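Given next are the chains, with one letter for each unit.
Number of protein chains: 2
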Amino acid sequence: MKKNYIMAPGPTPVPEDVLLDIAKPIIHHRTSQYQEIFKKASEGLKYLFNTKNDIFTFASSGTGAMEAAVINILSSGDKAIVVRGGKFGERFSDICKAYGIEAINIDVEWGKPVDPGLIKKRLADNKDLKAVFATLCETSTGTKNDIQGIANIVSATNAVLIVDAVSGLCADDLRTDEWKVDVVCCGSQKGMMLPPGLAFLSINKKAMEKVAKSNLPKYYFDLKAYKKSLDKNDVPWTPAVGLVRGLCKSIDMIREEGMENVLARHARLANATKEAAKALGLELFSASPSNAVTAVKVPSGVDGQNLVKTMRNKYGVTIAGGQAHLKGKIFRIAHLGYMVEFDTLTAISALEITLKELGHKFTLGSGVGAALKVFTA
Amino acid sequence: MKKNYIMAPGPTPVPEDVLLDIAKPIIHHRTSQYQEIFKKASEGLKYLFNTKNDIFTFASSGTGAMEAAVINILSSGDKAIVVRGGKFGERFSDICKAYGIEAINIDVEWGKPVDPGLIKKRLADNKDLKAVFATLCETSTGTKNDIQGIANIVSATNAVLIVDAVSGLCADDLRTDEWKVDVVCCGSQKGMMLPPGLAFLSINKKAMEKVAKSNLPKYYFDLKAYKKSLDKNDVPWTPAVGLVRGLCKSIDMIREEGMENVLARHARLANATKEAAKALGLELFSASPSNAVTAVKVPSGVDGQNLVKTMRNKYGVTIAGGQAHLKGKIFRIAHLGYMVEFDTLTAISALEITLKELGHKFTLGSGVGAALKVFTA
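Chain order of the listed sequences is A and B. In terms of the numbering used here, the first sequence opens at residue 85 and continues consecutively. In terms of the numbering used here, the second sequence opens at residue 85 and continues consecutively.
One should not assume that every hint holds.
In this list, chains with the same sequence are indistinguishable; a pair is considered to hold if it fits within one copy or across any two.
To be verified - Straight-line Cα separation of at most 27 Å, BS3-like style, residue types lysine-lysine; simulated pairs:
| id | residue 1 | residue 2 |
| --- | --- | --- |
| 1 | K211 | K297 |
| 2 | K108 | K205 |
| 3 | K181 | K308 |
| 4 | K196 | K358 |
| 5 | K290 | K381 |
| 6 | K445 | K308 |
| 7 | K124 | K108 |
| 8 | K124 | K358 |
| 9 | K297 | K124 |
Read the hints as simulated data drawn from the structure, not as lab findings. Nothing here was measured: the structure is a model prediction, and the numbers come from that model.
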């Protein structure tokens with residue numbers, strides 16, 4: 085018998101109770117019954133995002149929310165800073181390019197967080213900058229950026245800060261209102277414990293003022309249409325009814341555990357994974373590790389792509405490899421969403437078995453032992 | 085006890101087996117396991133669309149596929165014919181407007197099909213026209229257009245024909261390749277028997293050549309990115325894994341029944357509903373009724389909005405009212421997807437009970453009797 089464990093940074097495991105709610109008979113979306121569900125979900129999202137701002141829900145992947153941020157807030161010819169420290173920073177830059185926004189890229193070495201001072205300097209040098217795009221957790225490298233530090237700088241200017249928190253939300257602390265983060269993008273299939281198919285965008289007054297003036301073409305992701313509907317607990321296009329129903333359930337679970345505890349749990353699992361990696365003689369990749377996902381360097385003598393494949397195909401444990409130039413050089417174990425200590429121990433056990441098989445030298449059990457030490461501390 | 089019956093033209097009931105497949109544990113999308121599922125779904129879609137063309141699957145509502153058609157095939161300043169005979173024809177026109185496409189609208193009285201001759205004349209008068217947008221079933225009025233007739237005209241020109249088959253597919257015959265329909269847009273929550281959250285677009289070579297030249301800005305719905313991925317049974321952004329899994333199941337069910345039988349079933353339910361309406365002294369609204377949904381005029385003396393509300397709130401039967409200027413003037417009963425004779429009889433029974441209550445004069449049972457006559461003919 086082989087069981088499947090999904091421990092890549094998204095999609096993440098979905099609680100059985102959420103899956104069952106998603107599987108309930110479909111209801112019509114233009115009814116008070118659905119409006120109540122949607123209202124509950126929209127209110128609950130505010131708890132997750134730490135905000136009183138409006139949050140819009142799209143039937144799309146997280147990339148849809150990222151595109152929505154660009155095309156609703158900016159106008160043709162606008163200039164914006166994009167922090168690029170991995171695949172997802174690059175995505176913001178690509179979206180800007182697609183819409184004729186001049187992206188002033190701050191390229192950060194993959195695995196390093198951005199220095200907020202660099203953003204401060206660029207903003208001071210160029211008063212024309214309309215927005216700063218940054219990533220809470222850069223999934224491709226498992227690196228957390230200092231969003232509080234960045235927000236502190238951007239909020240003192242006319243630019244708006246747009247944060248991709250797709251993989252970071254519910255894993256790394258994000259205080260949208262307290263830190264003055266203008267826009268937050270998220271997706272359903274990470275810390276929210278849902279299948280992929282929903283995306284979210286929270287937006288404050290400062291950014292909504294730019295929405296009113298934006299001249300980029302849009303329709304499906306037009307926030308003005310969403311705003312008009314949201315005020316009636318409605319959406320402009322047919323919503324993904326089943327997933328929104330599941331969202332209500334997963335929010336209930338997160339509320340019950342309490343966001344502080346959710347974050348502490350992610351930190352605990354991440355710490356255990358880091359300690360285990362070190363005990364196995366492995367090196368961590370990120371200089372500023374996120375609690376969403378831990379990136380570990382593949383030891384010399386081991387084929388990184390084979391490591392990931394063996395863990396999945398032979399042992400049923402799906403982790404992620406490296407992307408782009410990191411292909412084969414790192415592997416990534418997620419701690420996202422519906423995960424507890426025993427899931428992390430499973431991942432580490434499978435890693436040990438696989439490393440042994442691929443010829444890496446270490447004391448069997450030392451990784452699991454180090455993780456148990458963290459869990460019992 | 086009150087049971088809920090969803091008989092509006094989308095979302096439609098989802099078979100229990102499909103819901104259960106959607107509720108299966110989530111798998112990672114960058115794996116051969118998912119690729120096999122996606123390949124099976126993509127192949128199956130070709131059966132549903134009657135085509136050998138590529139079909140792209142988006143995580144979005146049907147409107148996303150409509151936007152994808154506009155922004156990928158046209159370029160700024162292009163001119164296109166839009167047939168507007170209801171809410172959904174208008175949507176194509178609105179999307180064109182949002183992207184600076186000059187929409188040459190052919191406005192058709194709601195409830196009437198477009199005369200293909202009008203399209204022929206416009207195309208002859210203006211050799212610059214790049215596309216013709218038409219609707220298979222205009223959901224807002226329950227009206228079927230003569231897509232074969234339109235395709236016959238458009239295929240002889242350089243323009244491409246883009247058909248919104250969101251509510252029509254699997255209910256009204258659509259022979260994409262045989263009729264030379266260049267592009268077909270669809271959504272999951274109608275005849276495909278799935279929850280909302282997926283959209284589809286089939287596209288032939290003639291239209292793909294325009295895609296290569298299109299200069300409108302796009303990212304999430306960029307068909308070039310989807311095409312590059314599709315050739316590897318992949319998608320550019322995280323797909324709605326659960327819904328795609330459900331799609332495989334619903335395609336299996338449709339294949340097993342056979343498309344001819346599926347279409348015949350929809351026709352049978354639609355005919356029964358029409359005969360029932362007439363027997364109840366009611367008038368049909370559409371001059372060219374679709375088999376997806378039957379629109380019926382609200383009889384004088386009856387409050388149409390109250391009729392729809394009573395059926396839903398008191399009897400659990402969700403049908404749709406009229407939209408825009410038809411609000412309160414028509415009601416619409418769908419035959420879409422996972423529906424059999426007894427569902428239609430339930431709708432007619434609830435209609436009879438409600439009409440009686442609201443003071444309409446007729447012989448109780450005459451509607452159901454007329455429907456039974458159709459079913460036993």
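Name the hints, by number, that the structure is in violation of. Hints 2, 5, 6, 8 and 9 contradicted; others consistent.
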